[in-house]
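Participant: One-letter residues, chain by chain:
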Amino acid sequence: MSQTAIQTSPDPKPQPDIDVSVARRKQPQTVWEWVKYVLRPIASLRLTVVLFALSIFLVFCGTLAQVEMGLWTTMDTYFRSAFVLIPFQLFVQFGKVFFHFPREWQVAGSFPFPGGWLLGGLLLANLLAAHLVRFKCTWRRSGILLIHAGLIIMMLSELVTGLFAVESRMTIAEGETVNFIDVQRQLELALTDPSNPKFDDVVVVPAWILKKGGRISTDDLPVDIEVVEYMDNSSLDPLEGGANPEGPTFRSAVGSRFKLTRHSEESGAASEKSDFPSVRVRFLEKGTGKPLETEQSDREGVSTLSLWFYWNATSRIPFYQFAPQHVKTGGKTWTVELRPRRVYQPFRLHLIKFTHKKYIGTNTPKDFSSLVQVTDPSRHEDRQVKISMNEPLRYAGETFYQAGFFPNEKGTILQVVNNPGWLMPYISCVIVALGMIFHFGLHLVEFLQRRVA
Amino acid sequence: MNWSRIIPGTAVGIGALYLLMAATSGAPSGKMDLAAAARIPVVAEGRVKPLDTVARTSLMLISSRQTFKDKEGETRPAIQFLLETMLSNPRSRTPTVAWEYKVFRIENDQVRNLLNLENRPGSLRYSLVEIQPRWEELHREAVRVDNINEKERSVYEQKVFELRQHIEVFLKLAQGREPRIVPSASSEEDWFTYEHFWDAAEREALAQVDPKQFDEAARRLQEYAARNQLDLNALSEQARQDLLDRLLRHEIQPQTQEILARRYPAAEAWSRMLTAYQANKPEEFNQAVADFRKAQGTLPAGAEQRARFEVFFNNFAPFYQCMVLYVLVFVLACSAFLAYPEVLNRAAFWLAGLTLVVHSLALLVRMYLQGRPPVTNLYSSAVFIGWGCVCLGLFLEWIFRNGIGNVVAAVTGFATTLVAHHLAESSGDTLEMMRAVLDTNFWLATHVTCITLGYSATFFAGFLGILFVVLGLFTPRLDREMFRSLSQMIYGVVCFATLLSFVGTVLGGIWADQSWGRFWGWDPKENGALLIVLMNALILHARWGGLVKQRGMAVLAIAGNMVVGWSWFGTNQLGVGLHAYGFNNTLATGLSIFWATQIACIACGLIPTRYWASFGKASPPAENLPVLKRVRRQGNPGIQPG
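Sequence lines, in order, name chains A and B.
According to our numbering, the first sequence is numbered sequentially starting from 1.
According to our numbering, the second sequence is numbered sequentially starting from 1.
These are computed hints drawn from the structure, not numbers from a lab.
Misleading hints may appear alongside valid ones.
[As the list claims (entries may be wrong)] The list that follows gives simulated cross-link-like pairs (lysine-lysine, DSS-like), each with its CA atoms no further than 30 Å apart: (1) 386(A) / 358(A); (2) 366(A) / 172(B); (3) 366(A) / 410(A); (4) 31(B) / 358(A); (5) 36(A) / 31(B); (6) 290(A) / 328(A); (7) 525(B) / 96(A); (8) 386(A) / 353(A); (9) 294(B) / 358(A); (10) 549(B) / 136(A); (11) 286(A) / 357(A); (12) 211(A) / 328(A); (13) 358(A) / 281(B); (14) 102(B) / 212(B); (15) 332(A) / 290(A); (16) 525(B) / 357(A); (17) 525(B) / 366(A); (18) 357(A) / 172(B); (19) 410(A) / 358(A); (20) 31(B) / 281(B); (21) 71(B) / 172(B); (22) 286(A) / 211(A).
So here's chain A without its partners, still in its complex pose (with noise of 0.2 Å):
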């Protein structure tokens, strides 16, 4: 059989090369040829070994990024997007650890290269290529066609995770009940009027608005915003004693005094530690443009809101619990804060108990857990549910984990996700692992048979 199809081949030895057979083959007559005309090239083996070492790269660089940048902003550069530009600094920063470059080389510059949406898209559009073009739906292919279904929903799941996906926090003290979830990685500057006992008016300016700096003024809002400044992260240090640096210091309820001062974003690799953003504003009257104090105004009447002042963020230590600020207009008195974007739920939970158990004798944690009251008038549910590591609570399309704890073991953190296609990566394993299973399993069989023989 090979034999013949060896006499008939023009070429004593048969070339992989695509271009040539392309070359050689006829022109094609129907919409079907010429489709997979067009593919043909699309679909080489070539292009997918090379987007495979492409992708290589770009995971190697892309963790390596996360020694100096955080890593949600890695992820946005490198693996969320079209294309990025690599520094060539990273290299010299992997020199440093594995060989002994010099502590102080810097290297200016970077170069281009595609992102993981384009990579990912070029590999799956290579993938479906293939499939239309070379694989027939034999029996013995079917492992293969289960493997690249399967890559194909791992694929998408981490497209629908990127774009829908939705982390945030909540923060329950013991026996107190919430019904909002913190969405860490957006802010918002909130405005808050309380006089009315049913109901608190609200209005909000997002972070993303504040960055672009200048005036806001809307209806909506009791008073005009001027940006002075925004950061990305900053760090507040308590001051000694009688300390007196430039600049305002801010008092915390017990009395401590503190320094705010800008800060470069956390790494990925290092900590766990969050980005702690603050902006520097000037409330300005409705109107005549006069400046509104606040508890925290300088003497150009500029307020700092901080993350550093929302208590949830620092997980309610008692050293930086702050009080609020307020603006006065209009003859209401409007709670000023920068917090991560609130949203409101249906449903509340009320903490009734945190547990914490280490090991004897250590503070390494053994294991931590949450028991709660889950209210939802809306569905008449109220039960108790004990939320811990690896067991969350699913419930209205958010899931809740057990994610930390304030210091004094008092109350408790839960991240809640909202993944609309958190069930897709289970299934995809499932089917590659079937896939290679039958796969290499039938080439296994049949070698064994043959040596056998």
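Keeping the supplied structure of chain A fixed, place chain B upon it in accordance with the hints.
Facilitator: Coordinates of chain B only, in the frame set by chain A:
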């Protein structure tokens, strides 16, 4: 005579005899029943473990060894060190003989300089008595370093800090602050240290002090202050009270001891055990150990059997024995290439099989002791990767019977147990407890097992690749048959590696989704796993696409080794290594050396085949593996007949 049976039989016999000797020796013997003391279950680092393990891990930490040399230069087991370190009276200021043992390993010359210690090439171990004169300086430096961010410390600073911590470990043992020896009767979750008992007895004794003695003590404190020109009035009320207490505590030691003996029989027996040991009175010692065990109260279920078993495990040191046997397997497998291939290969195979049995049992024992899946930390991952490689090697040997599987099994088995051995030096107890997030869970257990086996398989393929290059380039042994079977092996193992690393990575994602709701987070460790999957997929697709042939696949498999090295050790180094001044990090250095060797192998593999000893002018044998495109164009239905 049938040599083909006698030689393998002898090899296995020698191996078994060696293991038997290792299993029976090692336990301390003599009139003093040290073994009974070694088996006492206590709690340290959150785990119930035998006293023997506490002794070994503490000594390992400060001395990088599990034995020590006494003043006469005789090597003695760790348990004796522990018994000589622990003071029967934790408030005593008189040091025991252990203060004179040279156990503190100080490698850094600047630290030695700070402590005014001579250079002692070969050992570099010093006793507390030698360190003591410069104690103040050491302590001051350690306090200074404590305020420096961990990442910004220089090698010297880090080593100073480490030494201070090691001395603290020693002092904790000496003063009875570690380990916890008696379970609390009221709560399962709590155990008491020897010092707790002493403390309780002391408080009781203080309460009974009659006022006259109080006044007397106060008067002497005044005198002491006057002599040393200390202004007592400048101190706070609390500080004055503390000083008085300390003075009194010292004076009421006889009463304290009396209360201890009356109220706390377990602590009394413990104290008696230490006194008897230090006075070298075997009968009393044995009696005290027995009394202590009786007075210790109810232990958690199974703790006693586990402790007994762990002592045996410690003495036997199975992974070390495996390391020795793998060397023997390697020698046999290499000799098989020179002469009597059939007989020697069989001998190597059966000896490797015996070693694998020990290796597997040792893994099972670890799982039994810890109640966890086999991989919990870097140490256990090394042991487990070795196990996976040896299994694969023997499986391939069983199929191909050409000696290759033996060689790779021996090399990988030896290399990984060696790595594990060195990792154990710096980590103390290798059966450490897991943080809550790593709590046992179906997904986590399957994830670590799968991903580690995936690492094993990728490594294995890489070593096969190295063997391919070395055999082909330097020897004429890569003949037609060997060429064929080696490339088939590489292909098969890469397939297997792809399967395991992919499934393992996805299982890890599922576990992450269960734990914190993020299936994939692009963090360094996850990326490392992904790289292995991509690398394996690249090798397979390059092969199917006809971009590489057998030699190309061998070279790519070696590159796979580099990727595994990165994922296994490299990603851990990123966060810690970058900001650290200088290089004290042996892991980072080890990894860069490993990479260099792999690059050298790849370079060798890329030398044109006409320079290869196995081929010369002849071209390498033709294809015998499936190539997608060619198969399609020739209308060939699948794999060509082999």
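Participant: Holds or violated: residue 525(B) with residue 357(A), Cα cutoff 30 Å?
Facilitator: holds (27 Å)
Participant: Holds or violated: residue 332(A) and residue 290(A), Cα atoms, limit 30 Å.
Facilitator: Distance of about 16 Å is within 30 Å: holds.
Participant: Mind checking the alpha carbons of residue 286(A) and residue 211(A) for me, to see if they're no more than 30 Å apart?
Facilitator: holds (22 Å)
Participant: Keeping to a limit of 30 Å between CA atoms, is the pair of residue 549(B) and residue 136(A) held or broken?
Facilitator: holds (25 Å)
Participant: Can you confirm whether the C-alpha distance between residue 386(A) and residue 353(A) stays at or below 30 Å?
Facilitator: holds (9 Å)
Participant: Do the alpha carbons of residue 366(A) and residue 410(A) lie within 30 Å of each other, as the hint requires?
Facilitator: holds (17 Å)
Participant: Against the 30 Å threshold, does the CA-CA distance of residue 525(B) and residue 96(A) hold or violate the hint?
Facilitator: holds (20 Å)
Participant: For a C-alpha distance cap of 30 Å, please report whether residue 211(A) and residue 328(A) respect it.
Facilitator: holds (24 Å)
Participant: Holds or violated: residue 358(A) with residue 281(B), Cα cutoff 30 Å?
Facilitator: violated (40 Å)
Participant: Does residue 290(A) pair with residue 328(A) here, judged by a C-alpha cut-off of 30 Å?
Facilitator: Satisfied, since the Cα-Cα distance of roughly 12 Å is no more than 30 Å.
Participant: Straight-line Cα separation of residue 36(A) and residue 31(B) no greater than 30 Å?
Facilitator: violated (87 Å)
Participant: Are residue 366(A) and residue 172(B) close enough, with their CA atoms no more than 30 Å apart?
Facilitator: holds (24 Å)
Figure legend: structure checked against the earlier numbered hints; hints not met, in rising order: 4, 5, 11, 13 and 14.
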